[in-house]
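In case you want the letters, here they are:
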Amino acid sequence: MIGLVDYLLVSAALFAIGVYGLVTKRNAMRLVFSVEIMINAANINFIAFNRYLFQDALGETIVLFSIALAAAEAAVILAIVVVAYRIHDDVDVSELKSLEG
Amino acid sequence: MVDLTDLAFYAMLVVTISGAVAALEAREIIYGAIGLAFSFFGVAGLFFLLDAPFVAVFQITVYIGAVAVLILFTVMLVREGRWMRDSPGRVGKLAGILTAFALGLSLILAFLASKQLPSAEQNLPAGFNLIYIGQLISGPDAPVLEILAMVLAASILGAMMLAKVDREDAP
Chain A
1289 MIGLVDYLLV
1299 SAALFAIGVY
1309 GLVTKRNAMR
1319 LVFSVEIMIN
1329 AANINFIAFN
1339 RYLFQDALGE
1349 TIVLFSIALA
1359 AAEAAVILAI
1369 VVVAYRIHDD
1379 VDVSELKSLE
1389 G
Chain B
212 MVDLTDLAFY
222 AMLVVTISGA
232 VAALEAREII
242 YGAIGLAFSF
252 FGVAGLFFLL
262 DAPFVAVFQI
272 TVYIGAVAVL
282 ILFTVMLVRE
292 GRWMRDSPGR
302 VGKLAGILTA
312 FALGLSLILA
322 FLASKQLPSA
332 EQNLPAGFNL
342 IYIGQLISGP
352 DAPVLEILAM
362 VLAASILGAM
372 MLAKVDREDA
382 P
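Read top to bottom, the protein sequences are chains A and B.
Offset between the first sequence (1-based) and the numbering used here: plus 1288.
Offset between the second sequence (1-based) and the numbering used here: plus 211.
Hints should not be assumed to be uniformly reliable.
[As the list claims (entries may be wrong)] Now the stretches of chain B that chain A is said to cover, found in silico as 3 or more residues with beta-carbon under 8 Å:
| hint | region |
| --- | --- |
| 1 | 239-251 |
| 2 | 257-268 |
| 3 | 309-323 |
[Said to hold, decoys possible] Restraint ranges, calculated between C-beta atoms of paired labels, are given here:
| hint | chain 1 | residue 1 | chain 2 | residue 2 | range |
| --- | --- | --- | --- | --- | --- |
| 4 | B | Leu341 | A | Asp1377 | 30 to 36 Å |
| 5 | B | Met287 | A | Lys1385 | 25 to 31 Å |
| 6 | B | Thr310 | A | Met1289 | 29 to 35 Å |
| 7 | A | Gln1343 | B | Thr272 | 35 to 41 Å |
| 8 | A | Leu1297 | B | Val376 | 44 to 50 Å |
| 9 | B | Ala365 | A | Leu1341 | 33 to 39 Å |
| 10 | A | Met1289 | B | Phe284 | 23 to 29 Å |
| 11 | A | Gly1291 | B | Gly303 | 36 to 42 Å |
| 12 | A | Phe1337 | B | Asp217 | 16 to 22 Å |
| 13 | B | Lys375 | A | Met1289 | 51 to 57 Å |
Hint data in this document are derived by calculation from the structure and do not stem from the laboratory.
We put the CB at the ideal spot given by N, CA and C, even for glycine.
With the sequences and hints as input, model every part of the structure.
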């Protein structure tokens, strides 16, 4: 039988994949991918705990808000990527040093 | 005997994990974006299996319908020859793999060692109640909904202002 722990393991694996991307990749788009994957892992945790431990709808409501917030965040990040590409002709985050003090 | 729900769980597990790996490791970044969409779809399937169909449909409409399409558009706008340069070298890759492995292993061990979690599925009451979500959103969580609407509007306006091309400066 599939229980709560199985869903938690899936979420842990997804989160680890996201962390791997954040550490190794230098391409801004790949970093966006990593952040989205990690947000999805957190959402799986919310829904799984809500289903197996509490059985009300509070966790689902929180995930609805989280998904909407992630969409807003993705829009802003992608606009920043487009601007960085237009200014620097590059999306390598180690080359974007305009704000470096 | 194989339970059909377990089979669906494993299928969604494969789709989710392989989609996430493809998103980060595909050679062309546009294939990575498509892999990311597959990963979102697998997560939506997991939500279905967890008796949360409303959240699953929301995930499909927002993530696959909006975010994945937005990412695809951005990738097509920004695609260039040297844009794929994201190899951090062997040491950086090894460090990333070690970090991810340590983190994932510690999380998995913590989950497996916990005594608080129910180990297998006991007889759960019917989980899904759309009316309760509606009551929460329109009742105690109504201010959150309003603030979220403002955040969405502000972020869309900010994104438009950021990405706007000035006609005079354009070559």
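Range hint compliance [Cβ, Met1289 (chain A) to Phe284 (chain B), 23 to 29 Å]: violated, 42 Å
CB of Gly1291 (chain A) to CB of Gly303 (chain B), is that within 36 to 42 Å? Because 37 Å falls inside the window, the suggested range holds.
Check of the region 239-251 of chain B against chain A for coverage (Cβ-Cβ below 8 Å, three residues minimum): holds (count 6)
Just tell me: holds or violated, for the beta carbon distance of Leu341 (chain B) and Asp1377 (chain A) against 30 to 36 Å? violated, 49 Å
Holds or violated: the region 309-323 of chain B covered by chain A, criterion of 3 or more residues with Cβ-Cβ distance under 8 Å? holds (count 9)
Check the following: the C-beta atoms of Gln1343 (chain A) and Thr272 (chain B) are separated by a distance inside 35 to 41 Å. violated, 25 Å
Honestly, do Ala365 (chain B) and Leu1341 (chain A) meet the 33 to 39 Å range at C-beta? Taking Cβ atoms as reference, Ala365 (chain B) and Leu1341 (chain A) lie about 35 Å apart, which means the hint holds.
Using the Cβ atoms, figure out if Leu1297 (chain A) sits within 44 to 50 Å of Val376 (chain B). Distance hint for Leu1297 (chain A), Val376 (chain B) holds at roughly 47 Å.
Checking C-beta pairs, does the region 257-268 of chain B have three or more residues closer than 8 Å to chain A? Coverage by chain A holds for the region 257-268 of chain B (8 residues, Cβ < 8 Å).
CB of Thr310 (chain B) to CB of Met1289 (chain A), is that within 29 to 35 Å? holds, 33 Å
Do the Cβ positions of Phe1337 (chain A) and Asp217 (chain B) conform to the proposed distance bound of 16 to 22 Å? holds, 20 Å
State, for the Cβ atoms of Lys375 (chain B) and Met1289 (chain A), whether the hinted interval 51 to 57 Å holds or is violated. holds, 54 Å
Consistency note: the structure conflicts with the earlier hints numbered 4, 7, 10.
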